[in-house]
Amino acid sequence: MNWLLSPVLLLQALWVKFKTPRLPEYKTPASGQTAAEPKFSMLLLGDSSAAGVGATCFEESLMGQLIQQLPFGFSYRVLAHAGDNSATAIERLAVIDGQSFDAVITVLGVNDVTGGTDVIDWVKAQQQLHQRLQNMHQASQLIVCGVPPMDKFPALPPKLRQYLGHKANQLDQALQQLLDKNPTAHFFSLRNFPSDLGAASDGFHPGPEVYKYWAEQLTQTITRHCDWR
Numbered sequence: 460m461n462w463l464l465s466p467v468l469l470l471q472a473l474w475v476k477f478k479t480p481r482l483p484e485y486k487t488p489a490s491g492q493t494a495a496e497p498k499f500s501m502l503l504l505g506d507s508s509a510a511g512v513g514a515t516c517f518e519e520s521l522m523g524q525l526i527q528q529l530p531f532g533f534s535y536r537v538l539a540h541a542g543d544n545s546a547t548a549i550e551r552l553a554v555i556d557g558q559s560f561d562a563v564i565t566v567l568g569v570n571d572v573t574g575g576t577d578v579i580d581w582v583k584a585q586q587q588l589h590q591r592l593q594n595m596h597q598a599s600q601l602i603v604c605g606v607p608p609m610d611k612f613p614a615l616p617p618k619l620r621q622y623l624g625h626k627a628n629q630l631d632q633a634l635q636q637l638l639d640k641n642p643t644a645h646f647f648s649l650r651n652f653p654s655d656l657g658a659a660s661d662g663f664h665p666g667p668e669v670y671k672y673w674a675e676q677l678t679q680t681i682t683r684h685c686d687w688r
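Counting in the working numbering, the sequence shown runs without a single skipped number right up to 688 at its last residue.
The set of hints was computed from the structure by calculation and includes no laboratory data.
Since we're looking at a predicted model, the values are computed, not measured.
A few of these clues could be false.
[To be verified] The following label-pair restraints were derived from C-beta to C-beta distances:
1. CYS516 x ARG551: 19 to 29 Å
2. ASP639 x PRO616: 15 to 25 Å
3. PRO617 x GLY657: 17 to 27 Å
4. PHE531 x PRO613: 30 to 40 Å
5. MET595 x LYS618: 34 to 44 Å
[What the hints assert, rightly or not] Here are the simulated DSSO-like cross-link-like pairs (lysine-lysine), alpha carbons at most 27 Å apart as the crow flies:
6. LYS611 x LYS671
7. LYS498 x LYS671
8. LYS583 x LYS640
Glycine included, every Cβ here is placed at the ideal spot set by N, Cα and C.
Assemble the whole structure, with the sequences as input and the hints as a guide.
Structure (structure tokens):
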């Protein structure tokens, strides 16, 4: 955690880092396909949530749920790591240079918030990321997940929750405004999930119920904007 905080917020941040349990990261399949002749290819790019931290197995993760819910076969690649922010995600793309994808889903923002990324740098990094995905990886459908409401994270004490929640709101709004200017990308809000869906045991990551609902909504978005059915 890398913020210029007041002493109270800094102490709370250190307390959260010390007290929050580190959930195990199971081995997520880096790639695969759900049919002998996939109708399209998908890349899931992002942070620990994209990697499925908070689920107890691959089937409960975001990609695992998409595999179960999408009504047509596809090939997939997961490029997601705990701690990644927008700048790191851009660097990760070097390992898949030359690969193209029909659909790309990005899940980034929480680590930009906790890392102190300001709004201007956030917008620049996201814009660079989107351009690279669409120009170098030929993403005909780009679904960009927004920043989650961090003021709802159970692991955070009140003052820190308020501070990070405000920062997350700023980045989320800036991202939505950026995507309003990009007719070939879709903003996917993480702000309207049912409140009774359970978080993971660390109070910071999504739990299996959240991943299931998230995948349900993404499935609707993908099928609404694609011609691969």
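Checked hints:
{"no.": "1", "hint": "CYS516 x ARG551: 19 to 29 Å", "verdict": "holds (24 Å)"}
{"no.": "2", "hint": "ASP639 x PRO616: 15 to 25 Å", "verdict": "violated (34 Å)"}
{"no.": "3", "hint": "PRO617 x GLY657: 17 to 27 Å", "verdict": "holds (21 Å)"}
{"no.": "4", "hint": "PHE531 x PRO613: 30 to 40 Å", "verdict": "holds (36 Å)"}
{"no.": "5", "hint": "MET595 x LYS618: 34 to 44 Å", "verdict": "holds (42 Å)"}
{"no.": "6", "hint": "LYS611 x LYS671", "verdict": "holds (19 Å)"}
{"no.": "7", "hint": "LYS498 x LYS671", "verdict": "holds (23 Å)"}
{"no.": "8", "hint": "LYS583 x LYS640", "verdict": "holds (14 Å)"}
In summary, the one numbered hint that this structure violates is 2.
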